[in-house]
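A.B. asks: The residues making up each chain are set out below.
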Amino acid sequence: MENTLRALLFTILLSSSSVFADNLILSTKLSLEYPSPIVLGHGGTYLLVKYKNWSFSHEHFDPKTFYQQIDLTGLEKDFVRAIFDHTQRTKLPEWLSVVSREFSEGLNLDPKSIEIFKVGNAEIFTGHDKKNHGQIYIIEDLVIHQISISGTKKELDLIAKNIKER
Amino acid sequence: MNLHERQDLKDFLISLYGPKVNKWPMNEQMFNLTYELVALSGRCSGVMDFVPRPMPYGVSPMRYLKKELRGIFLRSISKNKKQYIICLRGVSAGMANKFKEAALGM
Chain A
1 MENTLRALLF
11 TILLSSSSVF
21 ADNLILSTKL
31 SLEYPSPIVL
41 GHGGTYLLVK
51 YKNWSFSHEH
61 FDPKTFYQQI
71 DLTGLEKDFV
81 RAIFDHTQRT
91 KLPEWLSVVS
101 REFSEGLNLD
111 PKSIEIFKVG
121 NAEIFTGHDK
131 KNHGQIYIIE
141 DLVIHQISIS
151 GTKKELDLIA
161 KNIKER
Chain B
1 MNLHERQDLK
11 DFLISLYGPK
21 VNKWPMNEQM
31 FNLTYELVAL
41 SGRCSGVMDF
51 VPRPMPYGVS
61 PMRYLKKELR
71 GIFLRSISKN
81 KKQYIICLRG
91 VSAGMANKFK
101 EAALGM
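Line by line, the protein sequences are chains A and B.
With the working numbering, you'll find the first sequence wraps up at 166, consecutive numbering, no jumps.
With the working numbering, you'll find the second sequence wraps up at 106, consecutive numbering, no jumps.
Some hints could be false.
With a straight-line cut-off of 27 angstroms between C-alpha atoms, the simulated DSS-like cross-links for lysine-lysine are [said to hold, decoys possible]:
1. B:Lys81 with A:Lys64
2. A:Lys77 with B:Lys20
3. A:Lys64 with B:Lys79
4. B:Lys20 with B:Lys82
5. B:Lys82 with B:Lys67
6. A:Lys131 with B:Lys98
7. B:Lys79 with B:Lys20
8. B:Lys79 with A:Lys112
9. A:Lys64 with B:Lys82
10. B:Lys67 with A:Lys50
11. B:Lys10 with B:Lys79
12. A:Lys52 with B:Lys98
13. A:Lys64 with B:Lys23
14. B:Lys67 with A:Lys161
15. A:Lys118 with A:Lys52
16. A:Lys50 with B:Lys98
17. B:Lys23 with A:Lys52
18. A:Lys153 with A:Lys50
19. B:Lys98 with A:Lys130
20. B:Lys10 with A:Lys64
21. B:Lys81 with A:Lys77
22. B:Lys82 with A:Lys50
23. A:Lys29 with A:Lys64
24. B:Lys82 with A:Lys77
To be clear, the hints were calculated from the coordinates, so they are not data collected in a lab.
None of the values given here were measured: they were computed from a predicted structure.
Looking at chain A on its own, in the form it has when it is part of the complex:
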């Protein structure tokens, strides 16, 4: 009986720990709630959050280094919008439209998976490649966040739906 109770208590503790959520402050206006990971890694400019079968990473989009030969400063918001929304490409200079198309094709996102929505004033863009990669871009006034997911569409949605206003 005592053993059964111990096993039950252990199971409850184990299952409850898996629903604990951690909070990542993205900016003064946004935060991200995510399940407690197995391990966290910090690579200087990025944060890597790893689970048993999937992971996600967060870093800021740097317009000066995203392409080594092209400085996207001032154009970065339009560039990101055009990755997910093809109609935005007509508003871009032709060269940037080509770059955006190439990048988008390389990501190979499933058009049906693409979602664009707002959280407060932030624009959120998400998409998944149907295999094991997803992308989330968050455009805020002063910064663009880039979240890469190595996981399923379900895991992409888990992260995207937990971007919240502070």
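Since chain A is already given, all that's left is putting chain B on it; use the hints.
C.D. replies: Structure of chain B alone, referenced to chain A:
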């Protein structure tokens, strides 16, 4: 990998992932991921010429490729990176987490 091969690999990866690559170890895992990246980017015309074929499934490219061929592969992608960067950038974004994990030994 010798010093030149590690530098070629680093130059190529910097062009894709930026200055953070300076802090990444250039080892067998990085080479294998780079090989996988180039092989995945089949849509970039020309770049596939750098991928020696056939490669048996599941083997480590680093161990499979003869030393000379490995050097040629690394020299080629490093030398031609400007030509293929636009095409490879999207594919590399999809593989970013694999590289980031490898960089941290995770």
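A.B. asks: State for each hint whether it applies.
C.D. replies: Hint check:
1. B:Lys81 with A:Lys64: holds (18 angstroms)
2. A:Lys77 with B:Lys20: holds (22 angstroms)
3. A:Lys64 with B:Lys79: holds (22 angstroms)
4. B:Lys20 with B:Lys82: Holds, because 18 angstroms separates the two Cα atoms, which is no more than 27 angstroms.
5. B:Lys82 with B:Lys67: holds (25 angstroms)
6. A:Lys131 with B:Lys98: Given pair Lys131 (chain A), Lys98 (chain B) holds - Cα atoms ~14 angstroms apart, limit 27 angstroms.
7. B:Lys79 with B:Lys20: At roughly 20 angstroms apart (the allowed maximum being 27 angstroms), Lys20 (chain B) and Lys79 (chain B) satisfy the hint.
8. B:Lys79 with A:Lys112: violated (38 angstroms)
9. A:Lys64 with B:Lys82: With Cα atoms ~16 angstroms apart, Lys64 (chain A) and Lys82 (chain B) stay inside 27 angstroms; holds.
10. B:Lys67 with A:Lys50: Outside the cut-off at roughly 34 angstroms; violated.
11. B:Lys10 with B:Lys79: holds (12 angstroms)
12. A:Lys52 with B:Lys98: holds (14 angstroms)
13. A:Lys64 with B:Lys23: Given that 27 angstroms is the threshold and the Cα spacing comes to 18 angstroms, the pair holds.
14. B:Lys67 with A:Lys161: Given that 27 angstroms is the threshold and the Cα spacing comes to 48 angstroms, the pair is violated.
15. A:Lys118 with A:Lys52: The given pair, whose Cα atoms are some 30 angstroms apart, is violated under the 27 angstroms limit.
16. A:Lys50 with B:Lys98: Since the Cα atoms of Lys50 (chain A) and Lys98 (chain B) sit roughly 11 angstroms apart, the hinted pair holds (cutoff 27 angstroms).
17. B:Lys23 with A:Lys52: holds (26 angstroms)
18. A:Lys153 with A:Lys50: Between Lys153 (chain A) and Lys50 (chain A) the Cα gap is close to 16 angstroms, so the pair holds against 27 angstroms.
19. B:Lys98 with A:Lys130: Judged against 27 angstroms, a Cα distance of about 17 angstroms means the pair holds.
20. B:Lys10 with A:Lys64: holds (19 angstroms)
21. B:Lys81 with A:Lys77: Given pair Lys81 (chain B), Lys77 (chain A) holds - Cα atoms ~26 angstroms apart, limit 27 angstroms.
22. B:Lys82 with A:Lys50: Roughly 32 angstroms between the alpha carbons, so the hint for Lys82 (chain B) and Lys50 (chain A) is violated.
23. A:Lys29 with A:Lys64: Judged against 27 angstroms, a Cα distance of about 24 angstroms means the pair holds.
24. B:Lys82 with A:Lys77: Since the Cα atoms of Lys82 (chain B) and Lys77 (chain A) sit roughly 24 angstroms apart, the hinted pair holds (cutoff 27 angstroms).
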